[in-house]
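Each chain, letter by letter, is given below.
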Amino acid sequence: MPSPLEGNALFRGIYCWLAANKGNALQCPPDGPAFKDGWLPLGWEWLAYTIAALAIVMLVVNAFMVLATIYTYVERRLLGRFQSRLGPNRAGPFGLLQPIADAIKLLAKEDLVPAGADRWVFNLAPVVMVVPVILVLAVLPFGRHSFVADVNIGILYVVAVTSISTLAMFMAGFSSGNRYAMFGGMRAVAQLISYEIPVVLSIVGVLLLAGSLSLVSIVEAQRIPYILLQPLGFFVFMAGSSAEMNRSPFDLVEAESEIVSGYHTEYSGMKFGVFQLAEFGAVLTTSGIMATLFLKGWEGPVLPSHLWFLIKVFLFAFLFIWVRATLPRLRLDQVMAFAWKFLLPLSLINIFITAIEVLALDTTKLANLWLMAGINMAVAVLGIAAFSRFVRLGGKPRDITIEIPMASEAR
Amino acid sequence: MVQEMFFWLLAAVSVASALAVIRLHDLFRAALMLVVTFFTVAGLLILLNAEFLAVVQVLIYAGAISVLIIFAVLLTRDVEKGNRPNRLRVPALLASGLIGVFLVFVALQKEWPLLEDVLSKDSLARAEEVFTTTPQWLAGLLLREWVLPFEVASVLLLAAILGAIVLVRERHP
Numbered sequence: 003m004p005s006p007l008e009g010n011a012l013f014r015g016i017y018c019w020l021a022a023n024k025g026n027a028l029q030c031p032p033d034g035p036a037f038k039d040g041w042l043p044l045g046w047e048w049l050a051y052t053i054a055a056l057a058i059v060m061l062v063v064n065a066f067m068v069l070a071t072i073y074t075y076v077e078r079r080l081l082g083r084f085q086s087r088l089g090p091n092r093a094g095p096f097g098l099l100q101p102i103a104d105a106i107k108l109l110a111k112e113d114l115v116p117a118g119a120d121r122w123v124f125n126l127a128p129v130v131m132v133v134p135v136i137l138v139l140a141v142l143p144f145g146r147h148s149f150v151a152d153v154n155i156g157i158l159y160v161v162a163v164t165s166i167s168t169l170a171m172f173m174a175g176f177s178s179g180n181r182y183a184m185f186g187g188m189r190a191v192a193q194l195i196s197y198e199i200p201v202v203l204s205i206v207g208v209l210l211l212a213g214s215l216s217l218v219s220i221v222e223a224q225r226i227p228y229i230l231l232q233p234l235g236f237f238v239f240m241a242g243s244s245a246e247m248n249r250s251p252f253d254l255v256e257a258e259s260e261i262v263s264g265y266h267t268e269y270s271g272m273k274f275g276v277f278q279l280a281e282f283g284a285v286l287t288t289s290g291i292m293a294t295l296f297l298k299g300w301e302g303p304v305l306p307s308h309l310w311f312l313i314k315v316f317l318f319a320f321l322f323i324w325v326r327a328t329l330p331r332l333r334l335d336q337v338m339a340f341a342w343k344f345l346l347p348l349s350l351i352n353i354f355i356t357a358i359e360v361l362a363l364d365t366t367k368l369a370n371l372w373l374m375a376g377i378n379m380a381v382a383v384l385g386i387a388a389f390s391r392f393v394r395l396g397g398k399p400r401d402i403t404i405e406i407p408m409a410s411e412a413r
Numbered sequence: 087m088v089q090e091m092f093f094w095l096l097a098a099v100s101v102a103s104a105l106a107v108i109r110l111h112d113l114f115r116a117a118l119m120l121v122v123t124f125f126t127v128a129g130l131l132i133l134l135n136a137e138f139l140a141v142v143q144v145l146i147y148a149g150a151i152s153v154l155i156i157f158a159v160l161l162t163r164d165v166e167k168g169n170r171p172n173r174l175r176v177p178a179l180l181a182s183g184l185i186g187v188f189l190v191f192v193a194l195q196k197e198w199p200l201l202e203d204v205l206s207k208d209s210l211a212r213a214e215e216v217f218t219t220t221p222q223w224l225a226g227l228l229l230r231e232w233v234l235p236f237e238v239a240s241v242l243l244l245a246a247i248l249g250a251i252v253l254v255r256e257r258h259p
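Chains as they are written, first to last, in the numbering used here: chain A, 3 to 413; chain B, 87 to 259.
Hint data in this document are derived by calculation from the structure and do not stem from the laboratory.
Hints may be right or wrong, so weigh each one.
Quick list of the computed label-pair ranges, beta carbon to beta carbon [as the list claims (entries may be wrong)]:
hint, chain 1, residue 1, chain 2, residue 2, range
1, A, Ser259, B, Asp164, 44 to 52 Å
2, B, Leu133, A, Leu350, 32 to 40 Å
3, A, Ala65, B, Met87, 29 to 37 Å
4, B, Glu237, A, Asp364, 23 to 31 Å
Just so you know, even glycine gets a beta-carbon here, dropped at the ideal spot from N, CA and C.
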């Protein structure tokens, strides 16, 4: 891993503000007359290093939390608009204080643990749920030269870390000692394991084009946004990741009409709040990854790079809300069939075509990239059309005849 | 110094959680402790600069194998008190001890070409290059040099999947 002092402008800024000195002019070169000595004396660079690292982590995690609360408000208001109702509009101007009211309400509620629950696992599950969502932020470049760490296996790290949330949902469902929670946990595991495969395979196309696993390098490698070069990959990634986040139309993990509220049925108070935070936060991190992989991440004209990143994140978040408000919930067998019969073949086709194109065409030329974009668009439209025409998802419900002996006959 | 501290911390947690896997009576908790062990092993791999292996460890063992194990746990009859020692204690100790001795023996006996290469040139820059480009190295080895065994392994896995489907498929009357 390269030293964070190279390339990471935010880290270097804090580090040099604290420890700039004549002794380490190599790391913090004095540029201009405004150059001032840092706060710390010579020989205390390690402290500056630690403080800078902690400061960045604090900044990113707290910004993420604030954005997640804002996002809950945005989602509820927009869902209201989509469903021809008002949405939360009582607390504060336009209901802007609703997230704060929600948080206070959740904190004030009684924290119940069911008698039949496995106490330790029950209490641990919300933590295990929220940790992967925050860990993903570590490799996400959120602006020009701004990231927590540039890991050279970034996207693989994201995939690995997000796979832990399967375990958290199952822990919550199993330890609750409640059948509905158990069903929710089982459904979650089945669904998440199935959708992980198309999601990971849809990223491979991007990796073939970028030639790197590091998210920072992937942003820099995009000469035209990969959403144009990888429309099929984008479609599979979007559908698959909305299934991984248990959002409608794949929300039968917490289908209210069937299994109360799934794996977090028994949770109350702030533990429930942590689950909600993890779910809403996952939308933001997934949108961030989508912006990074498919829409040039933080790059954009005129506006500052951090703002561009936020705009793109909320663009994709809006897309997720739109899909949630529009599509009805699928049946369980349809969800499974959609992963295995529809998304998986499409992602394999995408890898195959992209690999051939990368081999046959010189990807350093811009004209070739546009040619690729044209071919891939056509393949995406044809593939989706063909698969939705010829693949039957789920099929008809089977006839089941149950013979119930009548009381009169049984005698 | 800091690295050593982290090593001992991770090693202690790893051994403790591995012992807990054996000692806990609740099978579900034992499986969760196994996940903790997997994570600490991933941490040790990061200390060795093998980030790629660490991530793969988390992805495959903590993310997938543990879920498989938990499913298997659910199929057992008595989850809460199922993890009891039985008569196979001594043979199990012997078998695992033999495997451990064998692994240490192989690790010490095998000449690791990459390591020799790095040590002989005695250049940190070269070592760093090797460590920062592990995925490329592995990709080159798997998809160029050893592509045939790699593909044969995937065909074997495909056969296993097909076999599983054939076994559990319901027969239509």
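A quick look at each hint next to the structure:
A beta carbon spacing of about 34 Å between Ser259/A and Asp164/B contradicts the range 44 to 52 Å that was offered as a hint. At roughly 37 Å, the beta-carbon separation of Leu133/B and Leu350/A lies within the given 32 to 40 Å, and the hint holds. The beta-carbon spacing between Ala65/A and Met87/B, approximately 33 Å, falls within the hinted interval of 29 to 37 Å. Separated by about 28 Å at the C-beta atoms, Glu237/B and Asp364/A satisfy the suggested range of 23 to 31 Å.
Comparing the model with each numbered hint stated earlier shows that hint 1 is the single one that does not hold.
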